[in-house]
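Engineer: This is what each chain is made of:
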Amino acid sequence: MKVIRHYLDVTDQACFCDQLVALEQPETASLSIAFGSTKAITELSSCHYATMVSAGWVATSSCRDAFSDRATESNHHLAILQFVDPNGAYGVASRHSNSKTIVEDSKAALEEALLAANKPGELPAFIWCSPSPGLEEGLLTGIRELIGNDVPVFGGSSADNDISGNWCMFDGKQLINTGFIIAVMFPSVPISYYFSCGYEQTTLSAVVTGVSERQLITLDNQPAADVYNNWRALNRHPPLPAGPVLAASTFSPLGRIVPQHDINMALLSHPARIRTDGSIDLFSRVHTGECITFMQGDTELLVQRAATVSDIARQQLSNLYDSKPQAAIVIFCAGCMLAIPDDIKRVHQGIRQKLENIPFIGGYTFGEQGRFADGINRHGNLMISAIIFGSVNESV
Amino acid sequence: MSQSEKQQELLLQLKVENQQLLKFKKLNNLMRDTLETFTAKGRQQSPFTSLFALLHQELQADEQLIIALNDDETSFSILDATAPGLKNLAAPFLHTQNKTKSEQHIFSQSTVFFDLALSPKWPAAFRSMLPKAKSALIQPIRIGQHHYAIVLLSDQPKTFTIEAKIVVASYSNFIASFLSLFENQRLAAERDQLFAQQKRIEQSMVQQDKLAAIGQLAAGVAHELNNPLGFVYSNLNTLQVYMQTVQRFIHSAYSIAPELKDIAAATNLNYILEDSFELIEESLDGARRSRDIINNLRTFSHPDDTSASKVDLLELLESTIRIANTQIKRHATLTLSKDIDSALVNGNATQLSQVLLNLINNAYHAIKHKQGLIVISVTQLGRWLTLKITDNGCGIEDSVLPHIFEPFFTTKDVGLGTGLGLSISRAIVEQHNGCLALEHTSPNGSVFVVSLPAVDTRIDD
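Protein sequences, first through last, are from chains A and B. If you read the first sequence in this note's numbering, its first letter stands for residue 1, the second for the next number, and so on. If you read the second sequence in this note's numbering, its first letter stands for residue 397, the second for the next number, and so on.
Among these hints, one or two may not hold up.
[Stated by the list, open to error] In silico DSSO-like cross-links for lysine-lysine, where the CA-CA straight-line distance does not exceed 27 Å: (1) B:Lys554 / B:Lys421; (2) A:Lys100 / B:Lys554; (3) B:Lys606 / A:Lys354; (4) A:Lys107 / B:Lys530; (5) B:Lys766 / B:Lys784; (6) A:Lys354 / A:Lys2; (7) B:Lys530 / B:Lys419; (8) A:Lys107 / B:Lys554; (9) B:Lys725 / B:Lys606; (10) B:Lys554 / B:Lys422; (11) A:Lys324 / B:Lys419; (12) A:Lys39 / A:Lys345; (13) B:Lys411 / B:Lys421; (14) B:Lys421 / A:Lys324; (15) A:Lys324 / B:Lys766; (16) A:Lys100 / A:Lys173; (17) B:Lys528 / A:Lys107.
What the hints contain is simulated information worked out from the structure, not anything from laboratory work. No experiment lies behind these values; they were computed from the predicted model shown.
Using the sequences and the accompanying hints, generate a full structural model.
Structural biologist: So, in structure tokens, the structure goes:
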């Protein structure tokens with residue numbers, strides 16, 4: 001199996017198409033996972049050569065631009081991992097969807113992807129997904145209902161530069177704005193992964209007493225915004241008024257406590273907007289009865305955690321499979337990236353160093369999907385994940 | 397990353413590693429139990445039955461199968477299964493039902509099916525035979541040049557996890573190594589058996605050479621003895637006639653000169669005359685017996701004689717019994733029971749004698765006590781002549797029963813038996829369109845049966 005990384009400049013469309021044609025391998029790639037600016041994904045969708053390069057695509061728009069182990073200066077790139085694996089099997093399916101049909105759409109698309117891989121009814125080794133913001137929980141629910149929680153599901157929600165809804169995805173055939181792409185993978189190499197928040201828990205916590213979808217209404221029967229602002233005050237942060245709070249709350253998000261093996265891990269939920277009625281719109285769903293804690297982070301935590309997560313995933317590949325890394329995907333929350341714009345090169349540097357200069361691609365996403373060691377696939381915000389593909393001729 | 401979170405993640409890592417260790421412990425337990433089960437002395441179960449039981453302990457499968465992929469790589473058969481209905485399923489059924497490469501292919505790859513209903517690869521034969529099966533775990537095993545697959549089935553969808561797949565994959569490597577070891581041991585035993593067989597063949601060839609030499613010698617001796625015996629027999633007959641003339645002359649002399657009676661009485665002439673006749677008669681009888689023995693020796697010393705003719709089985713039997721009795725009479729009584737006057741078959745007398753002698757000798761060798769009894773009965777039912785040889789010997793052990801008609805199989809010590817007797821006998825009887833079988837055996841004795849088609853005298857007539 002070969003995993004080949006490409007990092008194409010999409011500033012000029014004609015030039016981009018030429019670059020894309022040059023990617024054609026003697027054997028057509030089974031799958032290409034890509035991140036790029038919204039312009040890059042749109043250009044990819046309009047270039048007819050895309051299907052010649054790869055049988056299936058999961059191309060996701062990133063906030064601002066994609067990143068990779070190759071550092072460049074311009075703003076429109078397409079970072080691609082091309083999987084050429086004659087001994088493996090891969091299948092891609094996609095759907096335009098909405099919050100009402102997402103669970104059924106998810107199940108149908110998963111069946112279709114398995115059929116495309118010629119593995120209907122079979123449990124894949126790994127699932128890669130790309131949902132549009134708002135559909136993540138439904139997508140994971142559909143997958144869980146069809147095949148259970150056994151297969152690791154990783155991915156990132158498509159993003160744009162200003163939460164204006166310009167995010168998009170491309171599956172090799174169609175451009176999707178609201179919906180998702182799902183890829184099932186039966187690779188001939190092992191895959192290791194790690195999913196983490198990287199924020200510090202505080203002792204401040206409350207129970208969710210009122211919630212509607214992603215709108216957190218009350219905590220301990222108090223207006224959620226009051227409780228949240230009270231916690232901020234106790235930690236010497238200024239209170240946040242009604243309105244968009246995404247950037248201001250990046251270093252002080254909420255954490256959903258996920259107990260596993262006697263340890264409480266936090267799945268982050270990013271406050272996006274405080275409403276005038278005292279409720280908070282979040283970027284992920286919380287549930288009544290769940291314990292919510294006040295989380296704290298800073299620039300250094302965000303810079304270091306990408307390297308740490310990459311390092312843990314690399315070690316796991318070695319420890320569990322005795323395999324050498326071949327290529328990697330790193331998902332970094334767009335909110336975090338926007339909070340530390342001047343330090344983002346340090347983040348890339350840290351990842352490159354810990355991955356020992358293997359090729360990697362990454363995107364800044366509006367939601368992150370992955371699993372902790374408890375084996376349950378979850379959707380969170382402000383999270384980071386690293387997925388590493390091992391080498392052939394070693395145990396899978 | 398904060399210090400507390402680093403510690404937290406480190407702790408989580410340790411917990412995960414602990415989980416991994418527990419998984420390996422589970423695997424180790426499975427391997428240890430397998431070793432114990434497979435190496436247990438006096439194990440009665442088949443290796444697969446033990447394997448099923450061990451896998452059931454760790455993975456909640458409702459049914460388990462062992463599939464053998466056939467050498468032609470276009471079909472498979474079920475070697476063993478937990479479901480009784482599948483256990484002895486005739487392979488041709490699966491052959492005809494499963495010819496596609498894709499169906500066969502699924503047994504060559506480690507796979508978890510979360511929902512069999514979605515998969516067209518699941519063999520149609522299994523779909524109808526195992527309608528309850530909803531999910532499956534398939535693990536191929538390669539042992540030498542042979543390809544097998546363990547198939548675990550569940551009545552519920554989504555039963556088998558990737559973790560279970562990893563455990564079974566690791567376990568299957570161990571099973572493959574272990575079964576390879578067994579296979580090697582079996583091959584070594586087979587090799588030893590072939591060596592022993594080769595040794596027996598060599599010994600048999602030496603024995604055959606000896607027998608051929610003895611046969612030639614016997615033929616020569618018989619021929620050489622036949623002439624002087626002819627003189628003896630002829631002279632004795634002549635002497636008998638002469639003595640009758642002498643007797644008549646003496647009686648005539650008595651009537652002419654009665655005083656000769658006194659002289660005769662004094663010399664005990666009457667007794668001498670009387671005894672002379674008895675001596676001649678006994679000598680004639682001895683000569684006749686010698687002639688029979690020589691005839692029998694000549695019969696047995698012509699092994700290449702395969703010509704067929706009408707043979708009276710009763711006469712052949714009586715002749716064979718006479719020869720066998722020279723050895724048997726020391727420890728056993730041999731009796732012949734017959735409810736027919738003649739038993740004509742078309743065949744080769746020499747070969748049929750060899751069969752009868754083999755069976756009588758085997759019966760004799762089975763008798764380890766002094767009250768041996770061998771009963772041979774001849775009956776006719778329709779056009780079939782049935783000959784039963786019953787002995788009160790030690791019988792045949794169950795373990796050797798399947799092998800008694802195999803060439804070179806013998807329970808006798810090396811050098812004492814060629815292991816060819818029963819196999820050659822059966823071959824000869826079958827050449828005569830008959831059959832030879834063991835009817836019964838027990839610690840109290842055995843009964844062998846020879847059935848041969850009788851000559852249809854109506855056609856002959």
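Engineer: Hint by hint, note whether the structure agrees.
Structural biologist: Okay, the hints, checked on the actual structure:
no.	hint	verdict
1	B:Lys554 / B:Lys421	holds, 24 Å
2	A:Lys100 / B:Lys554	holds, 26 Å
3	B:Lys606 / A:Lys354	violated, 85 Å
4	A:Lys107 / B:Lys530	holds, 18 Å
5	B:Lys766 / B:Lys784	holds, 22 Å
6	A:Lys354 / A:Lys2	holds, 21 Å
7	B:Lys530 / B:Lys419	holds, 26 Å
8	A:Lys107 / B:Lys554	holds, 14 Å
9	B:Lys725 / B:Lys606	holds, 25 Å
10	B:Lys554 / B:Lys422	holds, 21 Å
11	A:Lys324 / B:Lys419	holds, 23 Å
12	A:Lys39 / A:Lys345	holds, 22 Å
13	B:Lys411 / B:Lys421	holds, 15 Å
14	B:Lys421 / A:Lys324	holds, 26 Å
15	A:Lys324 / B:Lys766	violated, 81 Å
16	A:Lys100 / A:Lys173	holds, 24 Å
17	B:Lys528 / A:Lys107	holds, 23 Å
In summary, the structure is inconsistent with hints 3 and 15 from the numbered list given earlier, while agreeing with the others.
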